[in-house]
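Undergrad: So you can see what is in the structure, the chains are spelled out below.
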Amino acid sequence: MKAIVVGGGVVGSTLAERLAADGNDVILVERSKELASALNDRLDVQVVSGNGATVPVLEEAGISSCDLIFATTDSDEVNMVVALVASEIYKVPRVIARLRHPDHETGFRQIAGSEVERLAINPEQAAVEKILSLMPVPGAVDVVSFFSDDLLIAGFVVRPASDVSGLLLSHLRLLFPSTPVLVVALRRDGAWRVPHGDDEIVAGDLIYLAIDRSELDNVLALLGHRRGRERRIMIAGASRIGVELARRLGEQETAVTLVELSRGDAEAAAAELEHTMVVHGSPTDRELLTEEGADRVDGFVACTDTHEENVVACLLARKLGAAHTFALVDNPALVGLIADLGIDALISPRLLSVGVALHYARTGHVTRVAALLDDAVEVFEAEIPATSRLAQAPLSDAGLPRGILVAAVQREGKIVVPGGGDRIQPGERALLVTTRELASRIDDLLER
Amino acid sequence: MNLRFVAVLLGWLLLMEGGFLCVPLITAALYSEPVRPFLVTVLVAVAAGFLLVRSCSSTDRNIRPRDGFLVVGGAWVVVSLVGALPYILAAPGFDPCDALFESVSGFTTTGSTVVSDTGILARSVLLWRAMSQWLGGMGIILFTIAILPLLGIGGMQLFKAEVPGPVADKIRPRLVNTARSLWGIYVAFTALEWFALRVAGLDAFEALCHAFTTLATGGFSTRNASVGGFASPAVEWIIIFFMLAAGINFVLHYKIITGRGREVVRDAELRYFLALIVGGTFWFVLTTHEAGAAFGDTVRNAAFQAVSLITTTGFVTADFELWSGAAMLAVVVMLTLGGMSGSTGGGIKSLRTLLAFRSLRATLDQLIHPHAIRPVKVGGVVVSSSILSGIWAFLTAYFLIALLGAAVVALAGYDLLTSLTAALTAVGNVGPGLGEVGAYDNFAHFPGFVKLTLAVCMLFGRLEIFTLLAFFSREFWRR
Chain A
893 MKAIVVGGGV
903 VGSTLAERLA
913 ADGNDVILVE
923 RSKELASALN
933 DRLDVQVVSG
943 NGATVPVLEE
953 AGISSCDLIF
963 ATTDSDEVNM
973 VVALVASEIY
983 KVPRVIARLR
993 HPDHETGFRQ
1003 IAGSEVERLA
1013 INPEQAAVEK
1023 ILSLMPVPGA
1033 VDVVSFFSDD
1043 LLIAGFVVRP
1053 ASDVSGLLLS
1063 HLRLLFPSTP
1073 VLVVALRRDG
1083 AWRVPHGDDE
1093 IVAGDLIYLA
1103 IDRSELDNVL
1113 ALLGHRRGRE
1123 RRIMIAGASR
1133 IGVELARRLG
1143 EQETAVTLVE
1153 LSRGDAEAAA
1163 AELEHTMVVH
1173 GSPTDRELLT
1183 EEGADRVDGF
1193 VACTDTHEEN
1203 VVACLLARKL
1213 GAAHTFALVD
1223 NPALVGLIAD
1233 LGIDALISPR
1243 LLSVGVALHY
1253 ARTGHVTRVA
1263 ALLDDAVEVF
1273 EAEIPATSRL
1283 AQAPLSDAGL
1293 PRGILVAAVQ
1303 REGKIVVPGG
1313 GDRIQPGERA
1323 LLVTTRELAS
1333 RIDDLLER
Chain B
37 MNLRFVAVLL
47 GWLLLMEGGF
57 LCVPLITAAL
67 YSEPVRPFLV
77 TVLVAVAAGF
87 LLVRSCSSTD
97 RNIRPRDGFL
107 VVGGAWVVVS
117 LVGALPYILA
127 APGFDPCDAL
137 FESVSGFTTT
147 GSTVVSDTGI
157 LARSVLLWRA
167 MSQWLGGMGI
177 ILFTIAILPL
187 LGIGGMQLFK
197 AEVPGPVADK
207 IRPRLVNTAR
217 SLWGIYVAFT
227 ALEWFALRVA
237 GLDAFEALCH
247 AFTTLATGGF
257 STRNASVGGF
267 ASPAVEWIII
277 FFMLAAGINF
287 VLHYKIITGR
297 GREVVRDAEL
307 RYFLALIVGG
317 TFWFVLTTHE
327 AGAAFGDTVR
337 NAAFQAVSLI
347 TTTGFVTADF
357 ELWSGAAMLA
367 VVVMLTLGGM
377 SGSTGGGIKS
387 LRTLLAFRSL
397 RATLDQLIHP
407 HAIRPVKVGG
417 VVVSSSILSG
427 IWAFLTAYFL
437 IALLGAAVVA
447 LAGYDLLTSL
457 TAALTAVGNV
467 GPGLGEVGAY
477 DNFAHFPGFV
487 KLTLAVCMLF
497 GRLEIFTLLA
507 FFSREFWRR
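Going down the list, the sequences are from chains A and B.
Every position in the first sequence, counted from 1, becomes a number in the working numbering once 892 is added.
Every position in the second sequence, counted from 1, becomes a number in the working numbering once 36 is added.
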């Protein structure tokens, strides 16, 4: 497959790198000459330097023969122009634009008259969704929900003192015999795998659990996580993510306090938000946080535009007694540094958008799929057609490769964990977990 | 100051008034009543208007804020003065103070009267009384803007100075069309009410007079016992409906007509205004219902008095002086609250009280959370602090003027209740008060200087305090 990536920033370069690693031909268009030549040296891709919103540059990048184009520059307007030129003039079959402003996204979707697929990815929206899905699952580093929210896949770091440490996976199944609670992926010493029943959970593992929503509280208790004293959320930073998060939480009738250093931004946020207490001050001001009750909040989300400050604010809130803290951090180096400091989850809007874009590139659809942390493991929810190998034989005989797991099946409205002797009926929805290398084989599994 | 153009505008207004005065003139001729009073008035108005327009012709048509205040303040005084002439000439026993009081009470849509028996007034005079309220309700200057393409950009100054409420909305891009739409809706409602009252059994003349004074939220009636004099529940319900319509922001009516009803339903001020009316009605039902009385009558009376007071119309169907203290207290509260901004109602205006409450709440929140940013919002939009401080200044000035007015009444030897409610009802452009100016009393017994003081209070109220108060600022007179 031939793909063009316009914009060589963090998102563009990461995306290009991952696409190239998947074995695609990637052409990266970057406006800045210096950055272009640096990327040319670093990545296994072809780099074209120039303005990607112009036809000659896109021609030079070979747009007329490409299968997929990503517009990921810093400017929404440029991205829209790239996407429209690609889809309307060159009829590129799949077009993805990164649009940060929701109003741009609305307009983009409404532009009619195209027979090609156009997708808008909003990294900030993705970050908001991620934080919102994390909040009901205290202690989780990552949460994705499936089967219309009935089943969660949540990642937890196993603490030494927790009850699951030392547990065999098959024993975990015995603790929840009738409802789906199982480990679907596990990272140990930096390596990912889709586990077996005789694997043991060890302290320090990052485990991804599929959890039936009704068992959530029991699982959390088992893992040793608690909820905060007050159902109140404090958000640091009236960035677009902060404001959108406050708005969404306000709609759910959660009490929200928003702390913002800039008076102008604080006033703008207060004007826009209906049910939020907006406070003017520094999110790293201990006095202020205490005054506004950071010690009693259920969650503290730091989403200022300065990600180092987010880390400091979260550490401070944690020290004051906030039950759970979430920080927006895009810089991978920073992530490595602070992994063990006790911040519950680090959210990277850029990597989130890379994950969505990559998944779309691999599979051609984004409904109910999610790349889990590190982009090493993917989870799919799909309806099993009658022609699928999975529907023709019991699972043990279906020839599932090692590394692909059928984690759950929705059967007559109930979610069940299929055993080796089970056969999936055509039309049932199944949840498949796979490592990244095998992701491209999912399509084969489903269709033949 | 552009005095020449101000004079021209005043001249045109007088010509306009002269034109309207022809209606009672023709009525007098039709009913074979003396035509001389109106003939003289028409001649005076036309001659004075003509003189001003011709002698002061001006090429500079700019209206600065100062000129705007001068035009609006001057217009209301001059129009009221000329409008008082028919009373002097035609009403038996009217001295100049009585005439001026009646005229100002008319144009400001107050509806307080010095007439103890409407039966002795000629029909043409009764019609002029009702008509003056109708003209004053939507605003005679707005009417001039609507039909005379005389004003340039400066028209907005006049519009802002005359339209009630803290913010004046332009509902159409051009001011002339805004004025035409507002007057169009006003005329249409008046016609509808006239028709409804005719169906309910009133004769054409009384239906017209009451349609005029309902839509203006004025409150002059052709009966001594006000609307209660008809003893007809149907008439009362019709008038309740149209008082309500007149007390609602006309911009909302315009939105309904242009198919934007959803915006209207969500309007924060409208919801608050209706809640006040429902609450007031409920309170009156609770405090006035007597065992044995028909519940339907109690509800109708409660609703009528609540709507009439809050929209500052001032029609009455029940003698609220016989009510309990709790009910009378509510009467006083309601006659100060007033209608919606952009309506023909007077008083403080519901938008101002709503914003004042919200501003108060924000201030209290700020005490608990010293660093909190608590903007005052209405309908999701932040109200600027300059508008808020304007509202607090308005409230201060409003009650100060009411207090000064009450002081003058009290100096004339009246009791506290009469003094306070007479001044409040005058500033609020309501009509009746309590004590010696109660539901079925009139203002004839006041000495001349009290009448003039109350007339000034009414002008202050109708022009939303600041337009007239500007004349008392030193800056106004500075060159």
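Hints are supplied without guarantee of correctness; some may be wrong.
Said to hold, decoys possible - Chain A regions said to be covered by chain B (calculated; three or more residues, Cβ under 8 Å):
| # | region |
| --- | --- |
| 1 | 1157-1168 |
| 2 | 1296-1308 |
Unchecked claim - As a list, the in silico DMTMM-like pairs of lysine to aspartate or glutamate whose alpha-carbon atoms are at most 25 Å apart:
| # | chain 1 | residue 1 | chain 2 | residue 2 |
| --- | --- | --- | --- | --- |
| 3 | A | 1306 | A | 1041 |
| 4 | B | 413 | A | 933 |
| 5 | A | 1211 | A | 1222 |
| 6 | B | 413 | A | 1200 |
| 7 | A | 1211 | A | 1200 |
| 8 | A | 983 | A | 933 |
| 9 | B | 413 | A | 1222 |
| 10 | A | 894 | A | 933 |
| 11 | B | 413 | A | 1164 |
| 12 | A | 1306 | A | 1042 |
| 13 | B | 206 | B | 131 |
| 14 | B | 413 | A | 1042 |
| 15 | A | 1306 | A | 1329 |
| 16 | A | 894 | A | 917 |
| 17 | B | 413 | A | 917 |
| 18 | A | 1306 | A | 1289 |
| 19 | A | 925 | A | 936 |
| 20 | A | 1211 | A | 1164 |
Unchecked claim - Take a look, some chain A residues computed to stay more than 12 Å from chain B by CB distance:
| # | residue |
| --- | --- |
| 21 | 925 |
| 22 | 1051 |
| 23 | 1054 |
| 24 | 1096 |
| 25 | 1098 |
| 26 | 1150 |
| 27 | 1151 |
| 28 | 1152 |
| 29 | 1173 |
| 30 | 1176 |
| 31 | 1179 |
| 32 | 1204 |
| 33 | 1212 |
Keep in mind the hints are simulated off the structure, nothing from the lab.
From a predicted model like this one, the values you see are computed outputs, not experimental measurements.
Glycine is no exception: its CB is placed at the ideal position from the N, C-alpha and C atoms.
Undergrad: Find the hints from earlier in the document that the structure breaks and name them by number, from lowest to highest.
TA: 2, 4, 6, 8, 9, 13, 14, 15, 17, 20, 26, 27, 28, 29 and 31
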